[in-house]
Amino acid sequence: MKVIFSGVTKVFEPDIAALLDVSFKIEQGEFVFVIGATGSGKSTLLRLMTREILPTKGVVEIGDVNLRKMRKADIPYYRRDVGLVAQDFKLIPSLTVFENIAFVMEAMSMPRSVVEDRAKEVINRVGLWRRRHMKPAQLSGGEQQRVSIARALANSPSLFIADEPTGNLDFHTAADVMKILFDINSAGATVIMSTHNQSIVNAARQRVLELDEGKLVRDEQRGGYTV
Amino acid sequence: MTAFKYVLRDTWRLITHHWVLGLLTLITAGVMLWILGVTTLFSLNLENLLSKLESELVVQAYLKRDNTIDVEKITAEIKTLPGVANVKVFSPSDSLAKLQEKMGSQSRALDMLGDNPIPWNFEIHVNNAVDVEPLVENLQEMPEVDDVVYAGMVVRRISALSSVSSRAALVMFVLSVIITALVVYNTIHISLYSRRDEIGIMYLVGATRAYIATPFVLEGTLLALLGALLAGGGIIAAYFPGTVLLQNSLSFLSSSLITDRNIIIRFCLLLAGFGATLGWVCSYLIVTRFINAITKPL
Numbered sequence: 098m099k100v101i102f103s104g105v106t107k108v109f110e111p112d113i114a115a116l117l118d119v120s121f122k123i124e125q126g127e128f129v130f131v132i133g134a135t136g137s138g139k140s141t142l143l144r145l146m147t148r149e150i151l152p153t154k155g156v157v158e159i160g161d162v163n164l165r166k167m168r169k170a171d172i173p174y175y176r177r178d179v180g181l182v183a184q185d186f187k188l189i190p191s192l193t194v195f196e197n198i199a200f201v202m203e204a205m206s207m208p209r210s211v212v213e214d215r216a217k218e219v220i221n222r223v224g225l226w227r228r229r230h231m232k233p234a235q236l237s238g239g240e241q242q243r244v245s246i247a248r249a250l251a252n253s254p255s256l257f258i259a260d261e262p263t264g265n266l267d268f269h270t271a272a273d274v275m276k277i278l279f280d281i282n283s284a285g286a287t288v289i290m291s292t293h294n295q296s297i298v299n300a301a302r303q304r305v306l307e308l309d310e311g312k313l314v315r316d317e318q319r320g321g322y323t324v
Numbered sequence: 002m003t004a005f006k007y008v009l010r011d012t013w014r015l016i017t018h019h020w021v022l023g024l025l026t027l028i029t030a031g032v033m034l035w036i037l038g039v040t041t042l043f044s045l046n047l048e049n050l051l052s053k054l055e056s057e058l059v060v061q062a063y064l065k066r067d068n069t070i071d072v073e074k075i076t077a078e079i080k081t082l083p084g085v086a087n088v089k090v091f092s093p094s095d096s097l098a099k100l101q102e103k104m105g106s107q108s109r110a111l112d113m114l115g116d117n118p119i120p121w122n123f124e125i126h127v128n129n130a131v132d133v134e135p136l137v138e139n140l141q142e143m144p145e146v147d148d149v150v151y152a153g154m155v156v157r158r159i160s161a162l163s164s165v166s167s168r169a170a171l172v173m174f175v176l177s178v179i180i181t182a183l184v185v186y187n188t189i190h191i192s193l194y195s196r197r198d199e200i201g202i203m204y205l206v207g208a209t210r211a212y213i214a215t216p217f218v219l220e221g222t223l224l225a226l227l228g229a230l231l232a233g234g235g236i237i238a239a240y241f242p243g244t245v246l247l248q249n250s251l252s253f254l255s256s257s258l259i260t261d262r263n264i265i266i267r268f269c270l271l272l273a274g275f276g277a278t279l280g281w282v283c284s285y286l287i288v289t290r291f292i293n294a295i296t297k298p299l
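Protein sequences appear in the order of chains A and B.
To convert, note that position 78 of the first sequence is 175 in our numbering; the numbers rise steadily by one, no gaps.
To convert, note that position 173 of the second sequence is 174 in our numbering; the numbers rise steadily by one, no gaps.
Treat the hints with caution; some may be incorrect.
[To be verified] Listed next, the in silico DSS-like pairs over lysine-lysine satisfying Cα-Cα at most 30 Å (straight line): (1) A:K166 - B:K297; (2) B:K6 - A:K232; (3) A:K312 - A:K166; (4) A:K99 - A:K276; (5) B:K297 - A:K312.
[As the list claims (entries may be wrong)] With the Cβ distance kept under 10 Å, some of the chain B side facing chain A (calculated, not the full set): (6) K6; (7) Y7; (8) M104; (9) L205; (10) G207; (11) R210; (12) Y212.
[Said to hold, decoys possible] Sample of chain B residues with no beta-carbon within 12 Å of chain A, all distances over it, derived: (13) H18; (14) I36; (15) V85; (16) N117; (17) N128; (18) I200; (19) S252; (20) S256; (21) L271.
Everything labelled a hint here was simulated from the structure, so no lab data went into it.
We put the beta carbon where it would ideally sit given N, CA and C, even for glycine.
Just chain B, with the same shape it has in the complex (with noise of 0.2 Å):
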């Protein structure tokens, strides 16, 4: 308890007798962590709206005129299928209906056509863009299926944008975190390197390399969480203006953005976490190093 109390007492030290290079942290650290949080942020956005515009896609499949058919186990057969998010069923005088409801005063039309020309069909909702074409083909493999409607090129386009958007987000959050984590790094590394003939002397008259150690981490740590918690306030501040203005000039963007404040402020404190983790993993590793090195006798 004695040990823990000194080096606590160490560790607020550290700051305040470095404060300008422990500042330098600090804002280094939020700068970096904001960019990164921004830069999720709008990866999970873009990925928002691309899963919202998949979820809207159809794929209709009709059925061969034949009363022999078993619908039921037709169902359930395609529920099944890969891709599929759920399957509406439609009878044809439930599709008749509809499409006179859809035609409106022109659905007298639809008289001249005698018998209702309508199959049994389905409205079919995926999961993904990708996994249009591939349903495309299984359903028309089935023996009962007489034709398949779906937006193929629309599909293609959005299966392709989403393939591109994951990866582009994927690299973006790892080029982002490898940039904060090395900024962060240099920025522990060079605060370190002003101390190094301190932990030295140090470590000449007795302390324990964990004694040593301890207040460095902490402090690399503690400057690094402050750093998030700033981001954090940083993101908050500019995202909801942020995603009213967009809203306002782009319309169709409304109902796609993330606006829920729980949400964003869950995705704050989680970047907090990941920077108090950065600032422990990079101050631990540069700590060791610095005491491997000037420990090492000659």
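Just chain A, same shape as in the assembly (with noise of 0.2 Å):
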């Protein structure tokens, strides 16, 4: 899925500027981080992305789609083909492991069966079958991290958003996580992810694109955590 940003700028009430007149477009496959300290907007970019936010000025277009334009009824329908994973997980509290992740499929009324296949093979790529049973607070938060990150997984999405998903883990699962994202990536799918992870930036060698207070201050193709 191709991301367009056209001159955006996103002012939270009364007077905060989290975004100033950001351009960039990502193309069909790419694998891009995004990286800045707190606060300079990264997260704000992607929730523009999921359409929680509209912003101020500009256009963010996604898959050709203006998601300003798009249609109340057609929102759901156009997150289902985003996978997101949040910094704070967004799981269900009421719900286990197995459920949380199955909920995204029922809502698109899979049959059973091709919900509990699907729900086990991306339980067993995030390693938790043996938590499957369990509700996000029995977890750690690494562990709740995976859940998220196997419930963006569960529709095989074609773009794939990730907002600092390697923050709460430890070196080896961030290792098996990055693993997957590249795995997602090279299956076809677009994946924009935010960190301040600088050796998993540096490692990967892939698109960068740095904010600064709201201003995006670099876009370098295999770029490092610092230029």
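If you follow the hints, you should be able to join the two separate chains into one complex; please do so.
Put into structure tokens, the structure is as follows:
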């Protein structure tokens, strides 16, 4: 899925400018890191892509659709094609690991057998099969992060948005997560990931978008964490 | 069909996962609907009592002693007057016989009157007490009518009481419905408020508004229906012993109270239907409001 930001500014009431005149284009199948200090606008940038927020100025186009003009009724269908791993996991607290992952497929009215097979596959992929009957509150932060990743994988999305997906993970688990993200990318999905993890960015040598106080200060192909 | 199964499963999940809130909603709905049911039954019984009293009100009209008057024509005319429920016609001889029967052993005193002094007369029953006075006026305007007799003060009092009680019953009913709706609405509101984050997450991961809303609406409807059935059971359990107690202590109420078991059971079923509708409307309004607020992009 192609992502285009054209002159995007986002100001939160009363006058907090989170993004200022940001423009870039991400082609289908790219892997992009979004980096920057805390409060630089990374999460705002990603939330604009999921249409949780709308730009104050400018246009966000995803897969040739201007998100501002998207009909309310089409939003769920759009989101089914976007895998989201949020910083705060966004898991449903009353559901188990299995139920959280199954939910996204059930919402699409997939048959039970397909839901079960696919849920089993993605839970195994993040190594949480033995935890499948547990609720989010019974899991560590890292485990919740993996559940969030598994849920994002369930629908095989063509755009994968991950807001600091390795933030709560140890080195080995973070490496596993990165392997999953690269696999998804190899299969053709666009992956956009915000991170503070220098070693991951430096090792991956993918495109880097750097934000500083809401402004896009660097857009570098095969970049590192620092110039 | 698959989606429907998931929705039903999710409804059950909502009820079981949040059973304390569910129980609170059910009890609150039950108590409020019980109060509504009792208030309505009280009003219905009061109306019943007054309409019984009204149906016993009689207006007596006496014709002039004139042999040329066409009694059949007058009878037909009276029947067409507003508020008339039925008309009984008494000839002079019928009336005299009736009077003699009433007087019993003293009826010989009537012989002293010579010719039968009683003219053709009518016993007119009305639908409502408020119809009496206009009817009397209409009768008095008829040239063939000599005199009209009715219990003026009683009529006025019953008429006033009936009008006040009808208004009071309506106000009580509307107030009970509004209070019940508000309490049920707020209870479901609290229950949903505690799950607002869940609703937001569901929408974020691609569930449609209808898919999210339906289990919540079904849960609200089901809990309100169960509450109403509970209220209905409570009414049946309390109403019949209550009416027996009233009939024993206030015997004049015996024939005026609604004691038909079928009527009360039907009333409770109606209450259950009302409860379910109320639950459906309240939860639909709240869920729609919640989803609108949550899904509105910043």
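Consistency of the hints with the structure:
1. Among the hinted pairs, A:K166 with B:K297 is consistent with the structure: their alpha-carbon atoms are about 14 Å apart, no more than 30 Å.
2. Distance check on the hinted pair: B:K6 and A:K232 sit about 23 Å apart at the alpha-carbon level, within 30 Å; holds.
3. Pair hint A:K312 plus A:K166 holds up; C-alpha atoms about 25 Å apart against a cutoff of 30 Å.
4. This hinted pair checks out: A:K99 and A:K276 have alpha carbons roughly 22 Å apart, not beyond 30 Å.
5. For the hint linking B:K297 to A:K312, the alpha-carbon distance of about 26 Å falls within 30 Å, and the restraint holds.
6. A cut of 10 Å between beta carbons decides the hint on B:K6: the least distance to chain A is about 8 Å, and the hint holds.
7. Residue-level restraint check for B:Y7 holds (minimum Cβ-Cβ distance to chain A is 5 Å; threshold 10 Å).
8. For B:M104, the suggested interface contact is broken, since its CB lies about 85 Å from the closest CB of chain A, more than 10 Å.
9. At about 6 Å, the closest approach between the beta carbon of B:L205 and any beta carbon in chain A falls short of 10 Å, and the interface hint on this residue holds.
10. The restraint placing B:G207 at the interface with chain A holds, with a minimum CB-CB distance near 4 Å, inside the 10 Å limit.
11. Against a cut-off of 10 Å between C-beta atoms, the interface hint on B:R210 holds, since the closest Cβ of chain A lies about 8 Å away.
12. For the restraint placing B:Y212 at the interface with chain A, the shortest Cβ-Cβ distance is roughly 5 Å, inside the 10 Å limit, so the hint holds.
13. Not every CB of chain A lies more than 12 Å from the CB of B:H18, the least distance being 4 Å, so the non-interface label is violated.
14. No Cβ of chain A comes within 12 Å of the Cβ of B:I36; the nearest lies about 33 Å off, and the non-interface call holds.
15. Consistency note on B:V85: stated as away from chain A, and its beta-carbon is indeed over 12 Å from all of that chain's, at 61 Å minimum.
16. Consistency note on B:N117: stated as away from chain A, and its beta-carbon is indeed over 12 Å from all of that chain's, at 88 Å minimum.
17. Distance check for B:N128 against chain A: the nearest CB is about 56 Å away, which clears 12 Å, and the non-interface claim stands.
18. With a cut of 12 Å on Cβ distances, B:I200 falls inside the contact zone with chain A, its closest approach being about 10 Å.
19. Against the 12 Å criterion, B:S252 stays outside the reach of chain A, whose nearest CB is about 59 Å from its own CB.
20. Annotated as non-interface, B:S256 keeps its C-beta farther than 12 Å from every C-beta of chain A; the closest such distance is 57 Å.
21. Remark: the non-interface label on B:L271 is consistent with the geometry, its nearest Cβ contact in chain A lying 35 Å away (cut-off 12 Å).
The earlier numbered hints that this structure contradicts are 8, 13, 18.
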